[in-house]
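Engineer: What follows is the residue order along each chain.
Protein chains: 2
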Amino acid sequence: MSDTRPIGIFDSGMGGLTVVKEVIRSLPNEKIVYFGDTARVPYGPKSKETIIRFSIENILFLLKNNVKLIIVACNTASSVALAAIEKNFKVPIMGVIEPGVSEAARITKNKRIGIIGTKTTVKSSAYEQQLIKIDSKIKVFSIACPLFVPLVEEGWLKTKITQQIVADYLMPLKNKNIDTIILGCTHYPLLKSVIQEVLGRKVHLVDSARQVAYGAKQILEEQGLLTNREKTARQSVCFYVSDEPDNFAEQGEKFLGFALNKVRKVSNV
Amino acid sequence: MSDTRPIGIFDSGMGGLTVVKEVIRSLPNEKIVYFGDTARVPYGPKSKETIIRFSIENILFLLKNNVKLIIVACNTASSVALAAIEKNFKVPIMGVIEPGVSEAARITKNKRIGIIGTKTTVKSSAYEQQLIKIDSKIKVFSIACPLFVPLVEEGWLKTKITQQIVADYLMPLKNKNIDTIILGCTHYPLLKSVIQEVLGRKVHLVDSARQVAYGAKQILEEQGLLTNREKTARQSVCFYVSDEPDNFAEQGEKFLGFALNKVRKVSNV
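First to last, the sequence lines map onto chains A and B. Every letter in the first sequence is one number past the one before it in the working numbering, and letter 186, counting from 1, is 203. Every letter in the second sequence is one number past the one before it in the working numbering, and letter 189, counting from 1, is 206.
To be clear, the hints were calculated from the coordinates, so they are not data collected in a lab. We put the beta carbon where it would ideally sit given N, CA and C, even for glycine. Any given hint might turn out to be false.
Simulated restraints, written as ranges between beta carbons of each label pair [claimed, not checked]:
#1 A/E239 - B/Q146: 54 to 64 Å
#2 A/F275 - B/K150: 38 to 48 Å
#3 A/N245 - B/D263: 43 to 53 Å
#4 B/A100 - A/S253: 40 to 50 Å
Calculated lysine-lysine pairs in the DSSO-like style (CA-CA distance at most 27 Å, straight line) [claimed, not checked]:
#5 B/K175 - A/K140
#6 B/K136 - B/K150
#7 B/K234 - B/K38
#8 A/K65 - B/K279
#9 A/K177 - B/K209
#10 A/K279 - B/K65
#11 B/K140 - A/K282
#12 B/K65 - B/K107
#13 B/K191 - B/K209
#14 B/K104 - B/K85
#15 A/K282 - B/K65
Here's a subset of chain B near chain A, in silico, CB distances under 8 Å, partners left out [said to hold, decoys possible]:
#16 R57
#17 E66
#18 T67
#19 L164
#20 P167
#21 I178
#22 Q181
#23 D260
Start from the sequences, fold in the hints, and give me the full structure.
Structural biologist: Encoded structure:
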């Protein structure tokens, strides 16, 4: 059996490109359709109800593209919308919370785990609930870091000010003796080195993107949905956005590590 | 003649509340309907085409509320959408650019004016074009400050980090010998004291909100649209938003200086 349909991935904007990068690495033969909701980005400060509505619209767009699996590559949408939407669609839908949670629970030795994310992600307690479900002895320390996304989008990845802001936000974690932290937002891997520096070398950073790609591979294998095409060229990633494509194409390279060939605007969401 | 219909004001989010505050001060007898597009905020990094579409939807909502004048209380929308939309509607529509520009041109002595705003506002050159139309000898120095809005929304109005970020962005203006600067975004008045400190006491800060309120009063007078009602209570401001109202009501107090009685969510935009 071979299923040549693409994998659908959506995010509020371009943060989900960190997931695209890892999916390309783990599943180089698969086609990908990416949708970034750049006209309505960010989702982080918005309400659950609104994010569910946006997520359903994004999924309907991906389904028009005949996708075989949908990855919700946005931590905020995964936190507050996944449970409400996955039960209504036949296509398998996976979020970015569970893979990061499994990895963090596997890695931690002292069972003290930090979570950083957007306001809505942290408020949802989605990470906390799933970690405690795996091991009720795990202690979770969550912090919302609303300025991290604007900093990344401004391209201030390693400036002195960025270091200070990261240090400021993470201060309350410093004396909590955590040995693992989940980067609970797809933008945060771009601040990895600064976060590592602030928390010290002993704290393990869990970047969900990589775990998500492993999880996607597993689902496709289990459900017999893998393609048997030859390794695809980068052109088999189709990028769609809801705002003008120019800025996305330009900034996207920072996340992906290679130039985006073509980004198209869709107005039906 | 007395026209008791409300004034309609819209913004991408809550920044426009700085305009509401000044309109209440200048026109205490008028009713106001405010719409904050909080589900799609911010407009600043988005494209002209998308902002025009959002603005038309917002105007159609305000027209359903039978408004007699519309104030586009968002610098980004005023910069890129006003010209395209005002010609299509019968209702008078005013933006926040022209009032700030007139005031700055009146105040400046050395004809060297700074402009700060979002990426899209600065890219549009709307301020520059209008200033030069008034006086071709005026020299304009524009800087986009994308982190100012997230800083204000995070409530970091006077922290050390905020001072550093403001100093960083405004550094290129320091040796330009400007005597006037237009705060080209409705969020920026909340950073007034830090901006003043960085630029020094000699630079005059133009806060468009106040000028907009004077301009609105003038239009209503000229067109015979003033009400003759008695001074209204604060309850005659109706607040509508496109995302959940709780956060807006809570944060809005910072902008308005008084508690918002009731904020309602509308889903038709």
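Engineer: Work down the list of hints and note, for each, if the structure agrees.
Structural biologist: Structure-based check of each hint:
1. A/E239 - B/Q146: 54 to 64 Å: Since A/E239 and B/Q146 have Cβ atoms about 60 Å apart, the given range 54 to 64 Å holds.
2. A/F275 - B/K150: 38 to 48 Å: 45 Å, holds
3. A/N245 - B/D263: 43 to 53 Å: Once the Cβ atoms are compared, 51 Å apart, the range 43 to 53 Å for B/D263 and A/N245 holds.
4. B/A100 - A/S253: 40 to 50 Å: Because 41 Å falls inside the window, the suggested range holds.
5. B/K175 - A/K140: Distance ~26 Å between B/K175 and A/K140 Cα, so the pair holds.
6. B/K136 - B/K150: 22 Å, holds
7. B/K234 - B/K38: Satisfied, since the Cα-Cα distance of roughly 14 Å is no more than 27 Å.
8. A/K65 - B/K279: 20 Å, holds
9. A/K177 - B/K209: 24 Å, holds
10. A/K279 - B/K65: 20 Å, holds
11. B/K140 - A/K282: 21 Å, holds
12. B/K65 - B/K107: 22 Å, holds
13. B/K191 - B/K209: 16 Å, holds
14. B/K104 - B/K85: Between B/K104 and B/K85 the Cα gap is close to 16 Å, so the pair holds against 27 Å.
15. A/K282 - B/K65: Given pair A/K282, B/K65 holds - Cα atoms ~14 Å apart, limit 27 Å.
16. R57: OK, holds: B/R57 within 8 Å of chain A, min 5 Å.
17. E66: The hint holds - B/E66 has a Cβ within 8 Å of chain A, the shortest such distance being about 6 Å.
18. T67: OK, holds: B/T67 within 8 Å of chain A, min 5 Å.
19. L164: 6 Å, holds
20. P167: Given a least distance of 4 Å, the restraint on B/P167 holds.
21. I178: Hint on B/I178: holds, closest Cβ of chain A at ~6 Å, below 8 Å.
22. Q181: With a minimum Cβ separation of about 6 Å from chain A (threshold 8 Å), the hint on B/Q181 holds.
23. D260: 5 Å, holds
Consistency with the previously given hints is maintained throughout, with no hint failing.
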